[in-house]
Structures are given as structure tokens and as C-alpha cells.
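For the record, the sequence lines run as chains A and B. Just so it is clear: in the first sequence, position 125 is 125 by UniProt numbering, and no numbers are missing. Just so it is clear: in the second sequence, position 215 is 215 by UniProt numbering, and no numbers are missing.
Hints are computed from structural coordinates only; laboratory data are not their basis. Mixed in with the good hints there might be a few duds.
Below 30 Å or equal to it, Euclidean Cα-Cα: the simulated DSBU-like pairs (lysine-lysine) are [claimed, not checked]: (1) A:Lys77 <-> B:Lys286; (2) A:Lys143 <-> A:Lys77; (3) A:Lys348 <-> A:Lys181; (4) A:Lys447 <-> A:Lys434; (5) A:Lys204 <-> A:Lys297; (6) A:Lys408 <-> A:Lys162; (7) A:Lys415 <-> A:Lys348; (8) A:Lys121 <-> A:Lys186; (9) B:Lys103 <-> B:Lys10; (10) A:Lys362 <-> A:Lys181; (11) A:Lys96 <-> B:Lys134; (12) A:Lys408 <-> A:Lys73; (13) A:Lys186 <-> A:Lys447; (14) A:Lys121 <-> B:Lys134; (15) A:Lys362 <-> B:Lys3; (16) B:Lys134 <-> A:Lys53; (17) A:Lys61 <-> B:Lys164; (18) A:Lys53 <-> A:Lys297; (19) B:Lys134 <-> A:Lys73; (20) A:Lys525 <-> A:Lys61; (21) A:Lys96 <-> A:Lys408.
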Amino acid sequence: MEKGKWKAVLLAIATAVAATGCSEANNGNANEPNQGTATTTDGGTSGENATIKLSVASMPKYPPNEIPNDYIKEVEKRFGMQWNFESIPLTAGIEKYNVMFASGDYPDFIPNMNSPTSVKKWASSGYLLPIGDYIDRLPNYRKLFSDEDWELLLSYGSSNGKLYMLPSVASSDPMTWIYRKDAFDKAGIASFPATMDELYESAKKLKEAYPASVPIGVRGGTENGGVKNLMNGFRQAFRNPQNSNTRGFWNDPDEGGKVIWNLASAKHRDMLTFIAKLYKEGLVEKEFATLTQDQWKAKRLTGKVLLDFQYASHTVDPDYALTDIPGGQWEFARILPSASEQPALEFKPLNFSLFGPVFSSKLANEPEKLDRLIEYVEWGATAEGQLFHQAGLENVTYANEDGTLKYKEGLDRQKVAEQHGFDWWLSQSAEFMKSDAGYLKKQEAMKEFAPNYNVTPQNATLTDEELETVGTTVSALEDVAFQFATKAIMGIIDISSDNVWNGYLSDLEKVGLEETRMIYEKYLK
Amino acid sequence: MVKDDSIGSKMLDVTVHAVMLLVVLITLLPLMHVVSISFSDPDQIMRGRVGLWPADFSLDAYFTILFENVHIPRSFLNSVVITAIGSVLNVLFTTITAYTLSKKDLLFRPFFLMLSVLPMFFTGGIVPQFLLIKTLGMMDSVWALTVPVLISSWWLIIMISFFKNFPQELEEAAKLDGCGELQTLIRIVLPLSMAGVVTIALFYGVSHWNSYFSAMLYMRSYDNYPLQLILREIVLQSTMAEQLASQGNAALAEDMSTKLTPESVQYATLVVSIVPMLIIYPFIQKYFVKGIMIGSLKG
């Protein structure tokens, strides 16, 4: 009896455990229990067309609640595909993709890959299809970019001379000084300062009018985020702009086009001297080095910040609305003030973003699958496709209200993405966005701010080995530079001392500044 | 025990208590802050007005994670299932293996012991394990998170040591009364080894509860994600925005940094993830105190 009881208990546990595990094993595992990749005949919506089975991994910002969802079902129906779909969101990190590629068990298609360095690595390992070779079959996609932008895109997005991903159209939002118009009026400042001296004088007036506030706020951040954000507002004025893609190395026109690192130039020293003066007089955020983004936002909302170097669209962003401050109003500066008689320098923003579809190299031998995907991408680039991805389905996720397209009641971008799977892809839909204040503000700002962009950014297509050297060395160089900048601004070290400055340059040389500069010199002509 | 009433002793007592109080405060204050944020109004949090007590007490964050965010309740249940199944299997396999390996007359015992210890120094690597899990058809199932970690070499060695010190006479008496090896283990050895068993169960349980990396690799659908993976994603959203910005991807960075999960919801999720362990711990503390001494004395 005792033996029988024990056996029964063990059997029950084993059965329960097995049942739980097995039910989970297939729970939500795409819409296709069998992960095969064969071609079958679909007797459903696509009529005579053969249904193509594909494995798809997606990197969404907002992971879907259910798979399959309306987006997957609709794409499958329209293009005769059957997706074995897996969602690996942006925040899940790149590790899973790396393991999948390294194991050879990788998807046929990733519609929204957002890791240019990983794409480069996978491309050189032979995992990805050089989709640029098929661009003639993607005329609608190609039309999303001007010839000039396309050339720039190829220079930025190519690996070993080939394009392995299809970048998306970036809706650029110019970074400029945004300022409290009401505070400027109260302080008697008629127009936005055109020079650094005027900016300094304006900051002093603001301080007098608003003693409890900091005239110049700084968006905080982790590690060296604070000092980086602080310097971002002044680099252009000192004709020493930052190109993140080349990690700050650029051809300085004031040095006859010589390749220099912007954090090691004499202009950088002048800039630090100027910011240190602002800091000493309490005109800039005192806690810039330790402030978090949330604390910065809190200061903005409570009126503690009167000037901030930010995205122009922040002036109409409801998240930054000055609801607690009667009459509080943000405005963006149409000009970049200069520190000299020469105009400020700023890089032209890229009109593309290295975020978009990548295709498995296996597709080269599977033309049917590739054809179907190309057809889908090509449609996705049309106005209809853009609206479909961004807004979803009419009367399901969005409605047409007297000519204005809006998400349906109770829905927004996040909810539509989570509940239905739709989110903008390749390009935002101009038709849908025409009622969005932030989008319109970005467009307005880009148009008005365009004359300030007077430097075309260059890309350096480094080899893998150079990329590794640069990655390690520049991170170390930046650590030295940001620590030095923080100390200089806070007055812990005397930036006017030649010994201090030369010591800094000497430290950078020890870390490998010249070696890195030589690497970039090969590419930046 | 002689009571020492000297001033020096009293001073020492005061110092020890003061230091311990300080340690308690250092441990408790951040936790109180986390709890207080989770119960505060998001607007007050944004304005930096929350300290150790909630500002504008609000249950909105908990309402959001329990009723609006479908991922968190489901992932919580997933974590409970993974932890329960994983821990039961861990304890089952670890005790059976340890009991067997504790027997000196086991054939090829040194070889089996070596095999058991080997994974402490060498592992198969992530990619081979990924392929193995896939080939075995365990992807997206609880088995992928429990089977590869059935036995921890560390806890196995501890349990072997524990069983070695178990009085031989009790086992012999059980056998004289007609018990086989399995019956002796289940009826005699295990009930008298609860301190050790509960201790390793706790450690296994905590390990399963906190684990996210395996789930990230092997779970395909959001429905099966454990709580820690969801929590990691929520917390990483802001870091990701900064990374994108440093890569020059300003538009995406700004896109990422807007509509972040509200801080109150982040903290409420943290609280929810801590609570089960806080609840379980007092119930097994009596075993834990005994069990932690396992193997510390011999003879």
C-alpha cells in the first residue's frame, strides 16, 4: 500500500511537470508549430500563390502582446508568406542574435535590426545577404532618399563595399538652444544671442531675473553623460563640432583640413575656459556631472531651467510642457551663436538611420523567399505601406476623422504596437503624421535651421581590426578627456595653465591619440 | 556564561549595536525609497519630491502592472512555475546523486565524482548549449531553463559531505527493518537532512528566480518570459536610449527615451519581484541557519 502510494505520487508529479513543460513548449511559438521552411500550397486568401514559410525575428521597441497579431496576419495574407515569428526586442540586447548567428540557427529576415556594428560583424562572417545588390528591384525604397543622401548612406552603411541592410529614413530633429521665451521677455532680452559674449550677458540677466533658477540647464546622464551634454551646446560656437560616427575625429577647416580630434584641439581648450567662467558664476547647472536625466527633466518642468541645448521638438512635446508655470513657453533658436567673428560650425544631420531590414545570406539560394520579401519591402516603402506599418488597419487601429488620420480612441503608438503589432517602418507616414505637433515642429525646425549646417559629415569605413583598436582606444581617450573637462569646468584644475593643458595632451598621447588619428587620416580626406 | 559588566564591555556593546543599526539603515533605506516611489504619484516622482515616504499616495503603478500591463502578471506566474519546477527537480536530482556518491562502496566512485566536479571548471559554452537545447526540442519551454542546470556541482559536493556525516547506524537499522536504498533515503535520510535540503532548495530557488540570461536565449515568445527578463527590459530602456545617442543615432535615441516606462511602474515591478523571496525567507530561516553550517565541521 505504502509503495503504491509513493509510486502514484511520483507518477502524478511527473505527469504534471511534463504537461506544464510541454504546454509551454508550444505556447506562442509563432503561428507555425513546425519550424520547417518548405513551400506549401495555400488554399486560403492568396489563392493560387504558393505560401512561403520564413523565419522572422523582430527587434521592436514595443514587444507585441501576442503572436501572431494583426500585423503578422495581414502581411502573411497580402504577400503569401507564413512567418515563424520571434520577437527579440531592442532592450533584450544583441546577445541572443549573436548566439543565433554563431549557432547557424538564424532567421531569414529581421525587419528592424538596430545595431550597425553587429550588422557589419555578421556581414563579414557571411551571414547576411548584400541587399544593396538588389536595389534595382526596390525602386520605391530607393526613392525615399535623394541621390546625395544615398551616396552618404552607402558610405555609412556599407561593409566591404556592399550594403547589407536597408536603412530607414530619419526624421531629423535639430539640436539647438531652446529657451524660455517668457523668461527672456521678463529679463529684457529682445532676441536670441548671436555670440558667446551675448549668451554670457543674457545668462547673467536671466540669473538676476530668476535667482532660484539656473540659466543654462544640462541634460544629465550616466557615467560621463552630463559633461558630454553640457559641451554639446558649445562645440559649434567654438567651431569644433562633434561627429559621433567618427568618434570626434574630423577635418578641421581652420587647420587646413587636417584630421584632428576635437577633444584635443586648442578650440576645445577655449570652450572649456568659457564654460568654466559660466560655471564659476553660477550660470550653468552646478550638478552637471552627477545629474540624472530624471532630475534634469524635473528641473525643466519646475521652471529651474531657462536655456537648454536640446531637440527643437521639445518646445511642443507634451512631456516637457510647462503646465505648472503660468505663461511658461519654450522657443527654439534659429541660429547657432558663435564665439568668434566666423560663423559657428555644425555637421549636417544624416537623413537616414542605420536601422532597418537585414536578410539572411541563405536567401541567395532561395529566390522564391527572397522575391516575396523584396515585394514586401518595396510595398512597405510606398505611402500605403508606410501608413499600414505606422497606423495599422483603418477602423481597427485608426480612423479617418474629416480627412485627419488618428489612432482610435484609447490607442496610441505603444498600444497599437503592443496589441496589434504595428509600428513605423522604413519611413514615418507623412499622411498620418500631418496632425502630429512634434513631427510638424521637427519639419519646421529642419527647414529654418538648415542654413546652420555647414559641414558635411564624412564616414570612415574602418577594417575590423581598426574598428577594434579605435573602439578600445577612443573609449580610453574619452575617459581621460571627459574627466579633464569636468575638472576644468568645475575649476578643480586651471585650464589657463599651459602645464595643465600640455599634461592633458601628453596623457592623451600615452593612451594612443596619434595612433588613432593616423587610422582616421587614411579615410577622412 | 559570566556576564561582563565592565565599562569596556558596555562600550563595546553600544558600538556593536550602533554599527549594526547603521548597517540596517544602509540596507533598509534604499528599499524604503524603492517602496515609497512605487506608491507615489508619477508627477511627484518626476519633480523629485519622494523620499522615504510616498508623496501623494497612489496605487496606480500596482494597478498598471496588475491589470494594464499584460506581461508582468503573466511573467510573474512564469517565474513562479520555473522556480517551483526547477527547485523541485534540482533538489530531487541533487539529493539522489549526492546520496549515491556519498557511498564509499559505489563502483567507479572517483570517476563519477570527477565527472560531477568537472563543470565547476569547464562548461560547454553558450553556442553548443543553444544548439543542444534546440535539437532536443526544449526551446521556449520550462525545460530549457531547468534541465541544463539540474545539478549544481557546488551544492552536490555540499550534500555529499552532508550525507557522508549521516550516522551509518540509522541507515543500517532501516535496512535491517527491510528498507531498500531508495526507501532508506526517502524515509530515513531525507527527513533527518531537512536543514541541508531546505538550504539548497533556497539557493536553487533564488537562483531560478533571479535568472534571466537563459530565458533570454531560450524563450521565444513573450508569453513565456520570466519576470526578471521583463524587469531587465524595463530598466534597460533608458540605458539603451543613451547608448543609441552615443552611437550617433540621435533620432532613435530620442524616440527611445520618450514614453519610457514610468519610474513608479519600474519600482513597483521591482517590489513585486522582491516580495516572494522576502515572504519565503522567514519560514525557512530556521533550516537555513542550521544548513549554512553544512560541511563546516567534520566528525
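These are the hints, each one checked on the structure:
1. As the CA atoms of Lys77 (chain A) and Lys286 (chain B) are separated by approximately 61 Å, the hinted pair breaks the 30 Å bound.
2. About 26 Å separates the Cα atoms of Lys143 (chain A) and Lys77 (chain A), which keeps this hinted pair within 30 Å; it holds.
3. About 27 Å separates the Cα atoms of Lys348 (chain A) and Lys181 (chain A), which keeps this hinted pair within 30 Å; it holds.
4. The hinted pair formed by Lys447 (chain A) and Lys434 (chain A) meets the criterion: a straight-line CA distance of about 16 Å does not exceed 30 Å.
5. Our distance criterion of 30 Å between C-alpha atoms is met by Lys204 (chain A) and Lys297 (chain A), whose separation comes to about 23 Å.
6. Note on Lys408 (chain A) and Lys162 (chain A): the hinted pairing is violated, with a Cα-Cα distance of about 42 Å set against a maximum of 30 Å.
7. A hinted pair counts as satisfied when its Cα atoms are at most 30 Å apart, and Lys415 (chain A) with Lys348 (chain A) does not qualify at roughly 34 Å.
8. Between the alpha carbons of Lys121 (chain A) and Lys186 (chain A) the distance comes to roughly 55 Å, so the proposed pair goes past 30 Å and is violated.
9. Only pairs whose Cα atoms come within 30 Å are accepted, and Lys103 (chain B) paired with Lys10 (chain B) is rejected, the gap being roughly 51 Å.
10. Between Lys362 (chain A) and Lys181 (chain A) the alpha-carbon distance is near 57 Å, which puts this suggested pair outside the 30 Å criterion.
11. Among the hinted pairs, Lys96 (chain A) with Lys134 (chain B) is consistent with the structure: their alpha-carbon atoms are about 14 Å apart, no more than 30 Å.
12. Of the pairs offered as hints, the one joining Lys408 (chain A) and Lys73 (chain A) holds, with about 20 Å between alpha carbons and a cut-off of 30 Å not exceeded.
13. For the suggested pair Lys186 (chain A) and Lys447 (chain A), the alpha carbons sit about 29 Å apart, so the restraint of at most 30 Å is met.
14. Between Lys121 (chain A) and Lys134 (chain B) the CA atoms are separated by roughly 24 Å; this keeps the pair inside 30 Å, and the hint holds.
15. Restraint check for Lys362 (chain A) and Lys3 (chain B): not satisfied, since their Cα atoms lie roughly 80 Å apart, outside the 30 Å limit.
16. This hinted pair checks out: Lys134 (chain B) and Lys53 (chain A) have alpha carbons roughly 19 Å apart, not beyond 30 Å.
17. As the CA atoms of Lys61 (chain A) and Lys164 (chain B) are separated by approximately 54 Å, the hinted pair breaks the 30 Å bound.
18. Straight-line distance between C-alpha atoms of Lys53 (chain A) and Lys297 (chain A) comes to about 47 Å, which puts the hinted pair past the 30 Å bound.
19. About 26 Å separates the Cα atoms of Lys134 (chain B) and Lys73 (chain A), which keeps this hinted pair within 30 Å; it holds.
20. Taking the CA atoms of Lys525 (chain A) and Lys61 (chain A), the gap is about 37 Å. The hint is violated against a cut of 30 Å.
21. For the hint linking Lys96 (chain A) to Lys408 (chain A), the alpha-carbon distance of about 35 Å lies beyond 30 Å, and the restraint is violated.
Hint compliance for this structure: hints 1, 6, 7, 8, 9, 10, 15, 17, 18, 20, 21 are not met, and every other hint is.
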